[in-house]
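Starting from the known structure of chain A, fit chain B onto it as the hints suggest.
Residues per chain are reported as follows:
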Amino acid sequence: MVLTALVAMVRKDLLLFFADRRALVMAFAAPIAIASFFGSIFPGPDASSEPARVPVYLVDQDGSAIAASVVAGVRADRNLAVSVASVEDARAAVRRGRSSVAVVVPEGFGAAASLALVAGGETPQIELLYDPSRGAELALVRGLLIEHVMRAVSRPGFDVPYRVRAEALVAGGRARYNGYAHAFAGMGVQFLLFAAIDLGVGVLLERQRGLWKRLRSAPVSRLTLLGGKAASGTVITLLPLLVSFGFAMLVFGVRIEGSVAGFAAVAVACALMASTFGLFLAAVGRTPGTTRGVAILAVLLMVMLGGAWVPTFVFPAWLQSLTVVVPARWAVDGLDAMTWRGLGFGAALTPAAVLLGFAALFGTLAVARFRWEESPSTTTPGG
Amino acid sequence: MLEARGLCKAFGARVAVDGVSLAVERGRVLALLGPNGAGKTTTVSMLAGLVRAEGGQVLVDGRPVGGDTDPARRRIGLVPQDLALYDELSALDNLRFFGALYGLRGPVLERTIASALELVGLGDRARDRVAAYSGGMKRRLNLAAGLLHDPDVLLLDEPTVGVDPQSRNAIFDNLEQLKRRGKALLYTTHYMEEAERLADRIVIVDHGRVIADDTLAGLHRAHPGAGTLETVFLALTGRRLRD
Chain A
29 MVLTALVAMV RKDLLLFFAD RRALVMAFAA PIAIASFFGS IFPGPDASSE PARVPVYLVD
89 QDGSAIAASV VAGVRADRNL AVSVASVEDA RAAVRRGRSS VAVVVPEGFG AAASLALVAG
149 GETPQIELLY DPSRGAELAL VRGLLIEHVM RAVSRPGFDV PYRVRAEALV AGGRARYNGY
209 AHAFAGMGVQ FLLFAAIDLG VGVLLERQRG LWKRLRSAPV SRLTLLGGKA ASGTVITLLP
269 LLVSFGFAML VFGVRIEGSV AGFAAVAVAC ALMASTFGLF LAAVGRTPGT TRGVAILAVL
329 LMVMLGGAWV PTFVFPAWLQ SLTVVVPARW AVDGLDAMTW RGLGFGAALT PAAVLLGFAA
389 LFGTLAVARF RWEESPSTTT PGG
Chain B
1225 MLEARGLCKA FGARVAVDGV SLAVERGRVL ALLGPNGAGK TTTVSMLAGL VRAEGGQVLV
1285 DGRPVGGDTD PARRRIGLVP QDLALYDELS ALDNLRFFGA LYGLRGPVLE RTIASALELV
1345 GLGDRARDRV AAYSGGMKRR LNLAAGLLHD PDVLLLDEPT VGVDPQSRNA IFDNLEQLKR
1405 RGKALLYTTH YMEEAERLAD RIVIVDHGRV IADDTLAGLH RAHPGAGTLE TVFLALTGRR
1465 LRD
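Protein sequences, first through last, are from chains A and B. Going by our numbering, the first sequence opens with residue 29, and the numbers climb by one from there. Going by our numbering, the second sequence opens with residue 1225, and the numbers climb by one from there.
Rather than coming from a laboratory, the hints here were simulated on the basis of the structure. Treat the hints loosely; a few may be bogus.
[As the list claims (entries may be wrong)] Derived, one-sided and incomplete: chain A residues facing chain B with beta-carbon distance under 7 angstroms:
hint	residue
1	M29
2	L31
3	A36
4	K40
5	A47
6	R237
7	K241
8	R244
9	S245
10	P247
11	V248
12	S249
13	G255
[Stated by the list, open to error] Pairwise CB distance ranges (calculated):
hint	chain 1	residue 1	chain 2	residue 2	range
14	A	L233	B	A1459	40 to 48 angstroms
15	A	A396	B	G1236	17 to 25 angstroms
16	A	T315	B	N1393	35 to 43 angstroms
17	B	N1393	A	R49	31 to 39 angstroms
18	A	A388	B	N1260	53 to 61 angstroms
19	A	L233	B	N1393	25 to 33 angstroms
20	B	A1459	A	R399	34 to 42 angstroms
21	B	L1458	A	Q236	27 to 35 angstroms
22	A	A58	B	A1237	43 to 51 angstroms
23	B	G1449	A	E401	39 to 47 angstroms
24	B	N1393	A	A58	47 to 55 angstroms
25	A	L393	B	Y1415	43 to 51 angstroms
26	A	L42	B	N1260	37 to 45 angstroms
[Unchecked claim] The following residues of chain B were derived to be distant from chain A, with all beta-carbon distances above 12 angstroms:
hint	residue
27	E1227
28	K1233
29	S1245
30	S1314
31	G1345
32	S1358
33	D1388
34	R1392
35	A1394
36	I1435
37	D1438
38	E1454
39	T1455
For every residue, glycine included, the Cβ atom is placed at its ideal position computed from N, Cα and C.
Next comes chain A alone, as it looks inside the complex (with noise of 0.2 angstroms):
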């Protein structure tokens, strides 16, 4: 009887859910669109690729052989995109953020820099004037200028001493980076996070329409009742993550390049997790709209921490340390394990364990605030 119960109640939940056409859409659509959009935007290092170019204006006020060198090796570099103007006009395309850095190479650059190189002159100054929101492409053009600099003023026969190979690192030997794959992680679990709100809501909309009460009448036992809700927010709240995955693989070529078992575990974990945490919502929570209000918030903030978003390499190192805490992190983190890194199984147990713990906290506060009775006033006016 109480598989009978178990199997009804998530068979209903599917139901419902297979019911709302415009819930769908947004379950299953919106992460797609999402996770698209950032997996485009962020692709990642590929050498065919065109980089992104930092925009840079260049104001030569020498007009020596050696600026007009520097001002050559500058245009030739292919990371930056460069317009030689006046120091007005650069100055005011840096103010107005058409341009991140403006290099004023001063009149008597190239002599006073040959005599500096050669018999330890006085060094002359590079002026970079600079949009101070785009720190990162400052120092990215001063280390680019440092370089061309010194094949300018050291010619002819200099060069770097030095050849750069870069090769990007990952544990699967075919493994290679996929912008996307870490994108539809993070979006499959915000919206993973999502469908449990839905369900917390869900419970407290069956309470405000008495349905509890007949599910409560039933002889089935209060385990059961938020078993069977566990169980169904579990299959629902995994669906938008495996269809957002599915769809990844086909368009993107996302790969599980790890272990397959290890992504359905994390997976099957992170579902849970958010699974009891809708439950948790449904027995701290007291009317529907503000539940969903603050569960979003919530939500939004365990994404945001969890590296949903931008990855957490970008947090100051006491946000890093603190977002442990946050159980989208190791959802997003396992989910990349088994997907671009390529580890094997093993890598998926500790982001698993942490989310089945997580899990096992909500669960145990869900049932120990979850309210069986109610007053007559907050249910039936009539008695």
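Using the frame of chain A, we list chain B on its own:
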């Protein structure tokens, strides 16, 4: 058949039910009447096992009804005041779900559903979404959902609220049919004419206590000047507004 002995329940400082006792026999209808906030719904909730009684007992055929999974609870059916239905699903899927909660499945479940829908006259609309039903049809389906497991006792909490006279009449016919089948019915309502038509016995509660428990004729005998049940009710509970 169903008996409540000295039921008590308080919500915080507010005493909702204070020593309510009543009994309803097989093939009989008991109408539970009372003003708003009198304790009717709390009493029904305790009888249905939704709310734990702080004092007293609920018995079916003399045997106390236990916790959530006590098989005795299977002998009680609840028709809540709310339209406790999933609007997004068809009537058939609603009933399949509610029936499965009582362990029904397969051909037995399908037969039971067909019989319940037949009783309430919704057999030809079984595959329609509940959202497309009228208020009266929803009320009838609400009743059908409480009957699936063939309970011996049916608790009906204001089952005719907000329905048109035709649907109300159809529900009365259903209840009279159930009564003829030997079911014990406990019925709460604010409509005195419903109690006059259906009830074999009338219990009036106020401030959580039973203030009258008699047949319709007995109540009239006790209040000789009162022409109708409503007059008796007002004489017992007063005319002061309760909301």
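Now for the hints, and whether the structure bears them out:
{"no.": "1", "hint": "M29", "result": "holds (4 angstroms)"}
{"no.": "2", "hint": "L31", "result": "violated (10 angstroms)"}
{"no.": "3", "hint": "A36", "result": "holds (3 angstroms)"}
{"no.": "4", "hint": "K40", "result": "holds (4 angstroms)"}
{"no.": "5", "hint": "A47", "result": "holds (4 angstroms)"}
{"no.": "6", "hint": "R237", "result": "holds (6 angstroms)"}
{"no.": "7", "hint": "K241", "result": "holds (5 angstroms)"}
{"no.": "8", "hint": "R244", "result": "holds (5 angstroms)"}
{"no.": "9", "hint": "S245", "result": "holds (4 angstroms)"}
{"no.": "10", "hint": "P247", "result": "holds (4 angstroms)"}
{"no.": "11", "hint": "V248", "result": "holds (6 angstroms)"}
{"no.": "12", "hint": "S249", "result": "holds (5 angstroms)"}
{"no.": "13", "hint": "G255", "result": "violated (13 angstroms)"}
{"no.": "14", "hint": "A:L233 <-> B:A1459: 40 to 48 angstroms", "result": "holds (42 angstroms)"}
{"no.": "15", "hint": "A:A396 <-> B:G1236: 17 to 25 angstroms", "result": "holds (20 angstroms)"}
{"no.": "16", "hint": "A:T315 <-> B:N1393: 35 to 43 angstroms", "result": "holds (37 angstroms)"}
{"no.": "17", "hint": "B:N1393 <-> A:R49: 31 to 39 angstroms", "result": "holds (37 angstroms)"}
{"no.": "18", "hint": "A:A388 <-> B:N1260: 53 to 61 angstroms", "result": "violated (44 angstroms)"}
{"no.": "19", "hint": "A:L233 <-> B:N1393: 25 to 33 angstroms", "result": "holds (32 angstroms)"}
{"no.": "20", "hint": "B:A1459 <-> A:R399: 34 to 42 angstroms", "result": "holds (39 angstroms)"}
{"no.": "21", "hint": "B:L1458 <-> A:Q236: 27 to 35 angstroms", "result": "holds (33 angstroms)"}
{"no.": "22", "hint": "A:A58 <-> B:A1237: 43 to 51 angstroms", "result": "holds (48 angstroms)"}
{"no.": "23", "hint": "B:G1449 <-> A:E401: 39 to 47 angstroms", "result": "holds (42 angstroms)"}
{"no.": "24", "hint": "B:N1393 <-> A:A58: 47 to 55 angstroms", "result": "holds (49 angstroms)"}
{"no.": "25", "hint": "A:L393 <-> B:Y1415: 43 to 51 angstroms", "result": "holds (44 angstroms)"}
{"no.": "26", "hint": "A:L42 <-> B:N1260: 37 to 45 angstroms", "result": "holds (39 angstroms)"}
{"no.": "27", "hint": "E1227", "result": "holds (18 angstroms)"}
{"no.": "28", "hint": "K1233", "result": "violated (9 angstroms)"}
{"no.": "29", "hint": "S1245", "result": "holds (17 angstroms)"}
{"no.": "30", "hint": "S1314", "result": "violated (9 angstroms)"}
{"no.": "31", "hint": "G1345", "result": "holds (21 angstroms)"}
{"no.": "32", "hint": "S1358", "result": "holds (18 angstroms)"}
{"no.": "33", "hint": "D1388", "result": "holds (19 angstroms)"}
{"no.": "34", "hint": "R1392", "result": "holds (16 angstroms)"}
{"no.": "35", "hint": "A1394", "result": "holds (21 angstroms)"}
{"no.": "36", "hint": "I1435", "result": "holds (15 angstroms)"}
{"no.": "37", "hint": "D1438", "result": "holds (21 angstroms)"}
{"no.": "38", "hint": "E1454", "result": "holds (16 angstroms)"}
{"no.": "39", "hint": "T1455", "result": "holds (21 angstroms)"}
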